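K.L.:
All chains should be built: construct the whole structure from the sequences, respecting the hints.
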Amino acid sequence: MDTHFAQRRRRDLIMAGCLTVIAALVPLFVKDVYVQNIMVLTLMYAALSQSWNILSGYCGQISLGHALYFGLGAYTTALLFTKFGVLPWFGMLAGGAISAVIAMALGYPCFRLRGHYFVIATIVIAEIALLLIQNWDWAGAALGIDIPVRGDSWLKFQFTRSKLPYFYFALALACIAWLVTWWLEDSKWGYWWRAVKDNPDAAESLGVVVFNSKMGAAAVSAFLVAVGGSFYAQFVSYIDPESVMGFQFSLLMALPAVLGGIGTLWGPVLGAVILIPLTELTRSFVGGSGRGVDLIVYGTLIVLISLALPRGLVSVFSLRKEAAR
Amino acid sequence: MTAPLETPLLETPLLETRGVWQRFGGLVANSDVSISVGRGEIVGLIGPNGAGKSTLFNLIAGVLPPTQGSIIFDGEDVTTLGAAERCQRGIGRTFQVVKSFETMTVIDNVIVGALIRNTVMRVARKKAYEVLEFCGLAARANVMASDLVPSEKRRLEVARALATEPKLLLLDEVLTGLTPVEAQTGVELVRKVRAAGITVLMVEHVMEIVMPLVDRAIVLNLGKVLVEGKPTEVVRNPEVISAYLGDRHAVGA
Chain H
1 MDTHFAQRRR
11 RDLIMAGCLT
21 VIAALVPLFV
31 KDVYVQNIMV
41 LTLMYAALSQ
51 SWNILSGYCG
61 QISLGHALYF
71 GLGAYTTALL
81 FTKFGVLPWF
91 GMLAGGAISA
101 VIAMALGYPC
111 FRLRGHYFVI
121 ATIVIAEIAL
131 LLIQNWDWAG
141 AALGIDIPVR
151 GDSWLKFQFT
161 RSKLPYFYFA
171 LALACIAWLV
181 TWWLEDSKWG
191 YWWRAVKDNP
201 DAAESLGVVV
211 FNSKMGAAAV
221 SAFLVAVGGS
231 FYAQFVSYID
241 PESVMGFQFS
251 LLMALPAVLG
261 GIGTLWGPVL
271 GAVILIPLTE
281 LTRSFVGGSG
291 RGVDLIVYGT
301 LIVLISLALP
311 RGLVSVFSLR
321 KEAAR
Chain P
1 MTAPLETPLL
11 ETPLLETRGV
21 WQRFGGLVAN
31 SDVSISVGRG
41 EIVGLIGPNG
51 AGKSTLFNLI
61 AGVLPPTQGS
71 IIFDGEDVTT
81 LGAAERCQRG
91 IGRTFQVVKS
101 FETMTVIDNV
111 IVGALIRNTV
121 MRVARKKAYE
131 VLEFCGLAAR
141 ANVMASDLVP
151 SEKRRLEVAR
161 ALATEPKLLL
171 LDEVLTGLTP
181 VEAQTGVELV
191 RKVRAAGITV
201 LMVEHVMEIV
211 MPLVDRAIVL
221 NLGKVLVEGK
231 PTEVVRNPEV
241 ISAYLGDRHA
251 VGA
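Keeping their order, the protein sequence lines are chains H and P. Per the UniProt record's numbering, the very first residue in the first sequence carries number 1; after that it's consecutive. Per the UniProt record's numbering, the very first residue in the second sequence carries number 1; after that it's consecutive.
No lab work stands behind these hints, which were simulated from the structure alone. Note that this is a predicted model, so its numbers are computed, not measured. Wrong hints could be hidden among the right ones.
[What the hints assert, rightly or not] Straight-line distance between alpha carbons at most 16 angstroms, and here's what the computed EDC-like set of lysine to aspartate or glutamate pairs gives: (1) P:Lys99 / H:Asp201; (2) H:Lys163 / H:Asp152; (3) P:Lys192 / P:Glu130; (4) P:Lys126 / H:Asp201; (5) P:Lys167 / P:Asp74; (6) P:Lys167 / P:Glu85.
[Claimed, not checked] Among the chain P residues that face chain H by a calculated CB cut under 8 angstroms, a handful are: (7) Ala83; (8) Phe95; (9) Gln96; (10) Phe101; (11) Glu102; (12) Asp108; (13) Ile111; (14) Val112; (15) Ile116; (16) Met121; (17) Asn142; (18) Ser151; (19) Arg160; (20) Pro180; (21) Ala183; (22) Gln184.
Each residue gets a CB set at the ideal place from its N, CA and C atoms; glycine is no exception.
P.N.:
Structure, rendered in structure tokens:
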């Protein structure tokens, strides 16, 4: 039984390695900038959803307010760079750290709430943060921040001529989020989180400090999402409150995980690979006002998946394995 | 950590409740309950429905603090400690309504318990497997907890609690609702647990099963300790009979 478990862990790692190599080679064949753009976004959402999955999937604390951390990451990096000339790399770490601290500060009251009340709290807090930023003149208020272009360099993390550096960074980000999840899955925290999700009372009786477990999950999750936000700010080089902190980001982080399999290692990746290209394509093919159409596609997919495969698309693979046994 | 109130000698009881009260609004669930459980004992906590057994259990396990009174465990006042901290001190428990981690495998359920003593995953996994063997669940280690039959789920509750290496194991109706054969297996498991040096306090409904098993029985009625003593004496006690069956039946005893 020990070997069975170790084998699965090793197989996951090897598979992730292979997929990374394949993904890294794709740009050699795909030169179309539009397609490359979609690939960057797909990888970014894979990373974001993987991070969201840590708090909401593994620990079971469904957050629909993660746009807050995404926006915090984006704003921290952009503000530090434009106002103080701090390199985006430090901005990323600072944004991550600020988000983690804020996640815990918010978790302090919110983790006393259970179920739907917690979800509602996360939505409301993110909306409040959005309003605050929209009215904060120093941070550009509703107009946002234009990140000045200072030439292509890895040091300033700006690239105008090619999308490839962004692509590889997004790939690295997705790998890191996946590896962190992989590592945490077989750690004290991973077990505690799943126990908290399944039954907090039983978990507490087995020595799990439920509150601290949730705080830990929130901090890790918020940190990684904020790094994603920092990346996004550099990638689009112009941010405004609605475009980095809007409610749709909270949804876009949650949906791939839900579609692929919430609380699973591969769910977010699988979900992002299917959902994000689909959205981008519907958006461009169904016309300019397509913002609604991609959400309709999402909604339909989610309804179909929850009806047919409540445990997400990854459950197809485990079902086949069980049948083969 | 609170300083020990007295040196934990072998003679001092492992668990003591001193004048414990629990009120839920106007309802008094426990009134002035003082019981003690010695090291290595199997003590049965019995009483009719609504006697306050489960409340007392929750007070001992640290689910809620008592309205009044104190709980001493292993020479330390644990009254203000939460459930997780009491588990750390050596109080393990099962739940009357089983609370398995349904989306996890059987062994993963037990690993959660084992992690409190050792956070190296390989060690915790090995420990969990040993506990499953002890409880006769090793064959089901990689099955999802949701796929277990009720009697197996009860044993999983015990296994999970044992993985935390408790000094005191609180069993909340683990033998209730089982077939006679399953109940007998359960009784043997409880004996094995005690043989491993773990003190057992069990709430149980079914007198025929509990009485031969326990060293001592404490009868609760209407939130108070009615009598306590050897099981053979307790079952013949007129007060106990009248509490269970009503006054008319106590006359003949």
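K.L.:
Should the hint that proline 180 of chain P touches chain H count as held when the rule is a Cβ pair under 8 angstroms?
P.N.:
Because about 28 angstroms separates proline 180 of chain P from the closest Cβ in chain H, which is outside the 8 angstroms limit, the hint is violated.
K.L.:
Answer holds if the nearest beta-carbon of chain H is closer than 8 angstroms to that of methionine 121 of chain P; otherwise answer violated.
P.N.:
Since chain H brings a Cβ to about 6 angstroms from methionine 121 of chain P, closer than 8 angstroms, the hint holds.
K.L.:
Is the straight-line distance between the alpha-carbon of lysine 167 of chain P and that of glutamate 85 of chain P 16 angstroms or less?
P.N.:
holds (14 angstroms)
K.L.:
Taking the least C-beta to C-beta distance, is alanine 183 of chain P closer than 8 angstroms to chain H?
P.N.:
Hint violated; alanine 183 of chain P Cβ to chain H Cβ min 23 angstroms, cut 8 angstroms.
K.L.:
Are the Cα positions of lysine 163 of chain H and aspartate 152 of chain H separated by 16 angstroms at most?
P.N.:
Holds. Lysine 163 of chain H to aspartate 152 of chain H sits at ~11 angstroms (cutoff 16 angstroms).
K.L.:
Taken at face value, is the distance from the CA of aspartate 201 of chain H to the CA of lysine 99 of chain P at most 16 angstroms?
P.N.:
Between lysine 99 of chain P and aspartate 201 of chain H the Cα gap is close to 8 angstroms, so the pair holds against 16 angstroms.
K.L.:
Does arginine 160 of chain P pass the interface hint, meaning its C-beta sits closer than 8 angstroms to a C-beta of chain H?
P.N.:
holds (6 angstroms)
K.L.:
Does lysine 192 of chain P pair with glutamate 130 of chain P here, judged by a C-alpha cut-off of 16 angstroms?
P.N.:
holds (14 angstroms)
K.L.:
Checking hints one by one. Is glutamine 184 of chain P an interface residue toward chain H, by the C-beta closer than 8 angstroms rule?
P.N.:
violated (26 angstroms)
K.L.:
Would the stated hint for phenylalanine 101 of chain P survive a check requiring a Cβ distance to chain H of less than 8 angstroms?
P.N.:
Since the shortest Cβ distance to chain H is 4 angstroms, the answer is holds.
K.L.:
Should the hint that glutamine 96 of chain P touches chain H count as held when the rule is a Cβ pair under 8 angstroms?
P.N.:
violated (12 angstroms)
K.L.:
Hint valine 112 of chain P vs chain H: min CB-CB distance below 8 angstroms?
P.N.:
Valine 112 of chain P check passes; min Cβ-Cβ to chain H is 4 angstroms, inside 8 angstroms.
Violated hints, in rising order: 4, 9, 18, 20, 21, 22; the structure is consistent with all others.
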